[in-house]
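Each chain, written out:
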Amino acid sequence: MEKSDLRKIKDWLWEIPRESKPGMRVPARIFATEKMIDEILEDRSLDQLANVAALPGIAGRAVAMPDIHEGYGFPVGGVAAFDAENGVISPGGIGYDINCGVRLLCSEIGLSEIRSRVPELGKALYREIPSGVGRAGRLKLSDKELDEVLLKGSRRLVEQGYADSEDSANAEENGYLRTADPKAVSGRAKDRGRDQLGTIGAGNHFVELEEIEEIFDEEKAGKLGLFSGQVVILIHTGSRGLGHQVATDYIKTMMNAASKYNIALPDRELASAPFDSEEGQSYFQAMSAAANFAWANRELVSWEARQAWQSVLGEEAGKLRLLYDVAHNIAKVEEHLVDGKKKKLVVHRKGATRAFPDQPVLVPGSMGTRSYLLSGEEAAMTESFGSSCHGAGRRMSRTEARKTIVAGELKQNLAAKDIAVFAGSVAGMVEEAPEAYKDVDEVIDVIRRAGIASKVAKMRPVAVIKG
Amino acid sequence: MPYKILGHTADIRLSVEGRDLEELFKDALKGMVFIAGPREPEDSKETKRRIRISAGDRTALLIDFLNEVLFGMEKNYEFYTDVDFKELSPIKLAAELKARPAIRFERNIKAVTYHEAEITENENNLLSTKIVFDI
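As you go down the protein sequences, you meet chains E and V in turn. Our numbering numbers the first residue of the first sequence as 1 and each following residue consecutively. Our numbering numbers the first residue of the second sequence as 1 and each following residue consecutively.
Hints may contain errors.
[Unchecked claim] Using 25 Å as the maximum straight-line C-alpha spacing, the simulated SDA-like pairs for lysine to any residue come out as follows: (1) K403/E - I5/V; (2) K223/E - D249/E; (3) K48/V - R135/E; (4) K140/E - S89/V; (5) K4/V - D5/E; (6) K130/V - K140/E; (7) K92/V - D267/E; (8) K48/V - N122/V.
Treat the hints as calculated values from the structure; they're not laboratory data.
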């Protein structure tokens, strides 16, 4: 894709017209400044977005957020909505980490009250919350217990006393999708996830102790119980091996079924099936079950964080309340206006967050930079199928990060910013360095200018826990 | 080096080649284990794992083989130093993997993707393909 293939609509909005690439059924729109577009054109994200626009039943337009980067099949930071009657569902449009997402726990105290205890608290969080590749959690679930989690999501953890019902009430979809069917999840997917509940894994997943550094909207922040200097905990993880295996299983199923439904695949990772087909429905049920596993996972990680909090600070430090929990790799059936008509759509968000009006939207930055709490705005419903960005977005490959970033210097730089890091893998930490990511402030600025979401608060990390 | 790590913004792209399918599959396995970065405990012992896979074509067979390996790595917390193919055709394989226990892995490979994978013969008459790993 060349810049000349694009049409600039506004300073923060670009379009790939339908005629730019053979096969495109709808145009694609990218929320980005010209500077961002120049960077985005350095990888294959926009070719991938154009391929998505060629899938059967795509409605309106394919959409890319300012944090877009190259993925596999679908780009990361993309939104695609397909007609629920005549369109497809594609596991690659959700990604391998089904319901990877973010949740924010809010304390009742300010950082100034516990500043000297931060290293101790960081250590306790690192000790209490299993992190790293394949590291087992505190539970090993039987088939029956696992099925309960797949069916009920975070509600199952509430039933077991790991959380209050207030927690699931404050999560997207109340922390579970009713469309889940554990029978649609393979035995090997269950085997991969059986002992991983309550673990964050590795890669870009983390738990961060943060302080509210700046409030942009006093009224909204007040309603959400936020105040300047407040200590909060941001948790980023997903459905772990169980979700990865569900995606692997169904991409294979749909790849084999593509010819049955006459779906041409420019890339095997775009494997799809009609949403109302047997394969489509079976995947949707399995994806919903994996999404429920992810919500339960973040719920158990929250319990672990609360244990660490209380063990270091005691009862007097108060509770950690769940402000909100959002998914950023998921497909949902929603109603949206397309060409002025209300339609039932299967909205695929891969590296994109639901942003319905007044809904809290959590956007983590990179390790060492700020994270944002936004509030969904009306324009999201007309411009992006009710979706916003999901993070800063990578700009540097992992291999380049390892070549150019020195672990010792990174730790020193973070320490100079008063950020304590607890990481199991030095190499993993280097790959996730702030330099490997885009400027989150610029990403958020585009979202704000586009009217998709408004800024409520900005958070600064003080301790980072990584696998 | 039988494989090369190429740039990819978020994940890892591997380029691999071999004189025949067997060499290509073996080199892909080595590349994947390199990416995962296992750390072995002292006094570990080698064990063997048998696998059997079928797929629609040789490219799908390679990706499915690597996903099978990934499943074993995560479920059994082990890595594989070599593979002995008892049977290998473009649509079917039976093999024995040489396994060693791991105490940790440097990277979390979520999945081996079909994205950009296509086994073709290159200008040096070698079979080659790219493989993108979701990290």
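Hints, verified against the model:
1. K403/E - I5/V: With Cα atoms ~13 Å apart, K403/E and I5/V stay inside 25 Å; holds.
2. K223/E - D249/E: Violated, at about 43 Å.
3. K48/V - R135/E: holds (23 Å)
4. K140/E - S89/V: violated (38 Å)
5. K4/V - D5/E: violated (32 Å)
6. K130/V - K140/E: Between K130/V and K140/E the Cα gap is close to 37 Å, so the pair fails against 25 Å, i.e. violated.
7. K92/V - D267/E: holds (23 Å)
8. K48/V - N122/V: violated (33 Å)
Violation of the numbered hints given earlier is confined to hints 2, 4, 5, 6 and 8; the remaining hints are satisfied by the structure.
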